[in-house]
Amino acid sequence: MLIVPCPNCGPRNAADLRYVGESRPRPDPNSASAKEWRAYLYERANPAGLLRETWYCRSGCRRYFTLERDTVTNEFTNPPTPVAKLGKRP
Amino acid sequence: MVREHRYHARPMKRRPPRYSAARLVSRGARKRAWPRAWREVPLQDSYDVVVIGGGVHGLATAYYLAANHGMTNVAVLEKSYLGSGGSGRNTAILRSNYLTPEGVVFYDRSLELYRTMAIDLNMNVMFSRRGHITLAHSDASLRTMHWRAEVNKLQGVDSSVIGPAEIKKLVPALDTSSHPRYPILGALYHPPGGIIRHDAVVWGYARGADALGVEMHQKTEVLDIMVTGGDGPGGKGPGGRVTGVRTNRGDVSVPVVVNCTAGWATLISDMAGVGLPISTRPLQAAVTEPVKVFLPVVVVSGTLHVYVSQTARGELVFGASVDPYNTYDIRGSLDFAEGTAGHLLELMPGISRMRLLRQWAGLCDMTPDYSPVMGFTPVEGFLCDVGWGTYGFKAGPVSGEQMAEAIATQRTPELIAPFSLSRFERDALVGEKGAAAVGH
Amino acid sequence: MLTSTRTECGSVAELPAFESPVSRSFVSSEGASTEPRRSGAALTLHDVSATTKIIVRAGPETAAHHQLHASFGTSRTEEGVLVVGQRPDEWIILGPADPSRALVDRLDRSGHVSVIDHTHSRALFRLTGAEAASVLEKLCSLDWNDHMTPDGAAVSASVAKVTCDIVRDDLDGTRSYLISCDRSYGQYLFDAILDARHEFGVGPAGGPVG
Amino acid sequence: MTRLPPQPGEVIDRSRPVDFTWNGRAMSGFAGDTIASALTAGGVRVVSRSMKYRRPRGYMSNDYWDPNGLVQVGDDPNVRSAHRLIEPDMAVEAQNVWPSLEHDLRAVTGLASRFLTAGFYYKTFMRPMWLWPTYEKVLSTFSPGGRIDLDTPHRYHDKRYTHPDVVVAGGGPAGMAAALAVAETGAMVLLVEHGHRLGGHLLWGDDHDRTLAAELAAAVEAAGVEVLVDSTVTGRYEDNWTAIVQRNHPVAVERLIKARAKVLIAAPGLIERPYVFDGNDKPGVMLSGAVRRFVNMHAVRPGSTAVVFTANSDGDAAAADLERAGVEVTVVDARRGEGIVRALGGSTSVKGVELADGRMLDCDLLVTAAGWTAPTSLLNMSGDRPVYDDAAARFFPSVPIGNVLATGGLAGDGNPDELIEHARATGRLAAARARAVSHRLQAATARAQPVEGEAPGWPPDIRPALPRDPHPALFRSTTHGVVDFSEDVSSKDMVGAAAEGYDSVELLKRYTTATMGPSQGKLETVNTVAVLAEARGQTIAEVGTTVWRPPYAPVTMGALGGRLFEPVRVSSVHPWHEANGATFMLAGQWIRPDHYGDPAGEVRNTRQNVGIMDVTPLGKLDLRGPDVPKLLSHLYTNKWMKLAVGSVRYGIMCAEDGVILDDGVTGRLGEQHYMMTTTSSGAATVWEWAENWLQTEHPDWRVHVTPVTSGYTSINVAGPKSRSLMRRLAGDVDLDPDAFRYMQVRTATVAGIPDCFMWRIGFTGELSFELHVPAGHGLAVWEGLLEAGEDLGIRPFGVEAQRIMRLEKGHFIVGQDTDGLTKAPAVGLRHLIKLDKDDFAGKPELAWALEDTSAPVLVAIQPTHHGRVVPDEAAQIVRPGTDEIIGRITSSRMSPSLHRSVCLGQVLPEVSDPGTELTVVMLDGRRITARVMEHHAHFDPDGMRVRG
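Chains as they are written, first to last, in my numbering: chain X, 1 to 90; chain B, 1 to 440; chain G, 1 to 210; chain L, 1 to 948.
Incorrect hints may have been included.
[Claimed, not checked] Pair ranges (Cβ atoms, derived):
no., chain 1, residue 1, chain 2, residue 2, range
1, X, Gly49, G, Glu61, 51 to 61 Å
2, B, Gly70, L, Leu111, 41 to 51 Å
3, X, Ala45, B, Gln410, 26 to 36 Å
4, B, Gly70, L, Trp130, 47 to 57 Å
5, X, Thr77, L, Ala541, 54 to 64 Å
6, L, Met944, B, Gly156, 46 to 56 Å
7, L, Ser647, G, Glu61, 28 to 38 Å
8, X, Ala45, L, Thr478, 54 to 64 Å
9, B, Gly70, X, Ser31, 49 to 59 Å
10, L, Ala684, B, Lys168, 55 to 65 Å
11, G, Glu61, L, Pro464, 53 to 63 Å
Please keep in mind that the hints were generated in silico from the structure rather than gathered at the bench.
Small disclaimer: the values here were computed from a predicted structure and weren't measured.
Virtual Cβ for every residue (Gly too), placed ideally from N, Cα, C.
If we strip away everything but chain X, and leave its shape as in the complex, we get:
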């Protein structure tokens, strides 16, 4: 099971958190065009590589936070390398 580096609790099992998804800025609701708003709702960069994403520490500190993860290796890059990831590469 993936370990997610919660900035408050420390490393936690992914099952302790809820994956919120790709972090996207919210357009101004009063000026956004339909195209912009729906891009916010539906369009996803979905990269094979670094992805900025939001997690919610549901079983722990109950805080939302964003992290950067490589979606190919599942390594988190920011904040600094979480501990158990150290083993991943030589």
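Got chain X sorted already, so can you dock chains B, G and L onto it with the hints?
Only chains B, G and L this time, still in chain X's reference frame:
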């Protein structure tokens, strides 16, 4: 603006031997080997159509281009081996008992193509129309089952809701007692559903397309799509026009490129500058060791996120819903094995001594409304048949048929009109949303 | 008439008995302490749901935040009351009613500070014994070794698939954990812990397996 | 009898005979015997039939992976008989034989084997289509497995999490030495051995081997290593989440251990590889390890005249062991260029062998020692892609993985000292790396003990590499033989399949099913690759190998899922419901009373007298702080900035796409104190939704959100006599209609319980008071209400009665009357969408939705001439005379108050005008007519009762 393009058919070089019991015997007696099911040929420098992805969708598209529209100057490019993606990793369940009329009609056409596939493709794909039940454990899910059954009936699809006694008769292994946690209150019974040999479907389409002159290129990875005149960087993106593809085996000049990939749909579309509403998630499955056949139908529980069938060899093949976070890593998880086994035991306590033999995962491209993205895109000559979530295999034949029609006629066929990419911008989402989270 | 719902620190002496969320509970009187009855057995599980539990929420800009003086993930005892840094900017006060309320009364409530009596919202159990960590290991994925969860550590985690707040609060050098969950899960969780404890050969409240 | 006199290394206890049965026949062995050794000692040679051609099969590898050794033991199918120990009265049977092991009638397929090449079924049975189901049934009788008993009771399984520094997979010499080295550093180590005792291949070795095994095992025990035998590391998952199945747990049938290993050491040893030649599946053809285990561990003589084909020292040792056991042995040495071509003899036993030089030798035992397969599964699961070494003729790990280290046979060869030293170095490295991980873990974890100093660096791998002994590349002889024994796939099948284009490993595997059987490639993968390489004229390295997927060894469903946690929730009143005849329903995790025997009666009583309902699952969020109105305005579509203290208001919440998320009322209890209610199923979602806005978009808003759902027992007191009842119990509140009006809230002492609050709302459409009582006193108040209201005709009512009453009143339920596409304007509450607010969730979509004239809308519907006909919920509404769907019934009940059926439904706007006639398709296909009603409320549309 529709550009003129002259399509031409490649002359047939050979007629492969047909498969039959008689030929099995005669070849066996004469110790004659069977020829290749599909040829290995050099990659040409131009085609009329390039299909990216050698799975069921891509191969079916190529096959129907040739078979229905006489377009045979077509190449299918596959970065690994044929059927290496979702086509070879799914749990091979077929059904058409969807919730929306557009979904039902679409998948029913697929089921019909599957029904006659063994004869049409001259390859036994072993479609076992054994029936399919979706269990309801709560009032709310029973209501949804009724809803689906009613919509199905109005579209002429055989579905009905059955009660616990009838369920027990169909599947004695199910615990239909007043179970403390997940009582079985009823089920949606869909007799035409069943399972099939998924690899054989891939090989059947490949062999069929090859016989008509289509080329299959394995280990051929698309590195870029050449687009000119578009709004985006490098002339890509909306308003542009496809001119070719770059592969690890050289460049190919081609006016029409079809994205038939799963798991990599975003990455391929990005090459043309077309954004998609897709998040990629792994979907896991597992198989047990074989035991004597005891499970005669496909059993699904949406509440428990599990679906299971037993192959003719006696293995249970089962799966769950997609993994909880986006990733392109498909190594599989223990959580899946634990959770799914636990839920299966809730349904069938008698299988605790069966052994899980192997687990695996494939990638699924999830869209916001659990419906695909099909047809033309803002880049001329770039078409998509993607976003199939967890149900792409079921739709393979009809998707190929319809995409071929779209390419050949330059018009969007009515059957796939609801699935256009532009629906997201118009917020005209398909109503499978919310009903098909685990819709196997 | 129309103020807060709770007389947060009022007296409730004349009330009918506090009903525990656990029908097979062993300690059930209003204002009970978190101290279990002594039992000779190696591994005891006590229902101490009647313990007063008060949540204090106070951001770092408030005086109360600093008065509470237990950082996230730690706890401390003050006059028989446990002050637990349960979440960032959130504490839970556990103990007998009067001293707990007295402790809260001493807080500087200026700024955005909320005090919520959670006594009725949570079930609370105490698991004590040398094997207590082994029992928790069967239900919860956290590391219960001393270096990761020393005495006084406070953590929230899923126990038997229920989100719980857990404080390690050793008694006279014996491992002991206070485990609380939403009241509605109380019976379920109590049974799950009892079941997990089964292999260590003890029954409810340290008696033989029933 | 083939039991030998006592052997120095035997693991059987001759003082404890064990009786069991084999296919109903009485057999006997000793404690410590495997089923395989006891059967072989009893003279049994044929233990199974092959899957396709029904060829008789005997033990080949005599270990867990033996593809021929699967048997049925009681209700346990596919038991590995060379691993499972015999127990008294065990009923062992051959699997998948018809009618018997000795005479399997389906063996006729063997005669047709020339025609039934791999994948033959893809080429036939296509016509006629209607016959396929029959073919399918026949094919399924070839299913190779045992049988399960559907009445197998659910036995107790268990799970455990653990966080060791190091897990060592494999209790052979390397695993033991590695574990010992870890333990010597003071680190916590778990040593897991698949077999029944520590020792690995030393157990069937010579005196010297056994002495070494005993010494290591004793040292391991002395060092306090946690040892699990008869347990298997079945998988290595993300971040070293390591699965271990413990089969010898004292209480549970099996226990799944989930270890978060800081470092995993893979030391599974090597698996002996069969040799491919004609007749290689005849009973009596065995691997060298198989005969050594039989002779040395179980004192069983597996034959009387043996030919030993050997390419390595294990083959030599097997020849020596057999000679010592009195077997006549001829050695055929591959290292001298000698070879075997085919096994001769009948189907039930090998009778001789043809050698490459043309000689024919008689024998009843043909032993091969052709080399090894490195079971790199755990490394594959960690991301390694092993590469083939030509000289050593086996695969080796290629990608260094920081937290998974290989030692023993996986890593190389060498003499025992070299191997032990490599293992010890591996253990030390693992311990050092675990220390580094531990330091970082502690430093990053809030609750952990503080750590001193800088984090230690990542210890480099400075282990000297083990030598790799050269080994002849022996995969296939000049004849074709079986490659996959469990799937009955021959090398000839593979060559044919490759010629047809199935010429990559994965395609070949899928087409022929090779490596897909119970041993999952442990024995046959490398031979498969070798045969394919030969067919394609490539090297093994060029062809590459398949990916070994988890699990390492098959795991029972019971071990994986036998202990499943499924939490349930109950309210404080639950004991009363149980004692008073409630019929329960499950709503999410909540167990709720559906009714108390007569839902219609409960409705009538509530409408006439007074009823009470336990509505505790209603979500309740305590909101405090000066900016609560801002939060409310943001979450709900309507306005909240001016809600007075003492008032409550209804609102709907939408997601950012405008789709209805939840609804409920929120009341203002104090200056900066509000209580929000949500639907029962939406409670958690709304809480997280509110936190999301507060934490991400508006961290400046000062609001504390605290869930208090089960902190209050919520009781709905409804009916015309509810005020009279409340007057008796809540004397401190002025309940006069003018003092406590509809949509107001009061705090109160109820039945002597202080700190309650109650509000006047009316989901049922009756005058009602929703009480919220501190949960520790909820049962007392519930019982107090029943007692005080006895003369008023009070009765409890359940969810079903509530559903009827709300439908009579036309109140919709989110998720039933709305769906995943229903936006707020569609439910008839357009006036609750206030676009003049600056911002709120979903605002742009709702602005557009208000203009949309195509989305379905919610309307009240009544069947016209069939007031007694109750359409089913989900009945479709069609355009008259067609099957075109233009709507559906979402809620439908017989109304006890109106004595007719009443419905809510979604229809297209064009047919939503009051009075429009609709065609409803009943479940039985009948079509009835119904009418769109003017108001959502079928009953008391003006709301006189609720305001009463």
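Hint-by-hint comparison with the structure:
no., hint, result
1, X:Gly49 <-> G:Glu61: 51 to 61 Å, "violated, 39 Å"
2, B:Gly70 <-> L:Leu111: 41 to 51 Å, "holds, 46 Å"
3, X:Ala45 <-> B:Gln410: 26 to 36 Å, "holds, 31 Å"
4, B:Gly70 <-> L:Trp130: 47 to 57 Å, "violated, 32 Å"
5, X:Thr77 <-> L:Ala541: 54 to 64 Å, "violated, 34 Å"
6, L:Met944 <-> B:Gly156: 46 to 56 Å, "holds, 49 Å"
7, L:Ser647 <-> G:Glu61: 28 to 38 Å, "holds, 31 Å"
8, X:Ala45 <-> L:Thr478: 54 to 64 Å, "holds, 58 Å"
9, B:Gly70 <-> X:Ser31: 49 to 59 Å, "holds, 52 Å"
10, L:Ala684 <-> B:Lys168: 55 to 65 Å, "violated, 34 Å"
11, G:Glu61 <-> L:Pro464: 53 to 63 Å, "holds, 59 Å"
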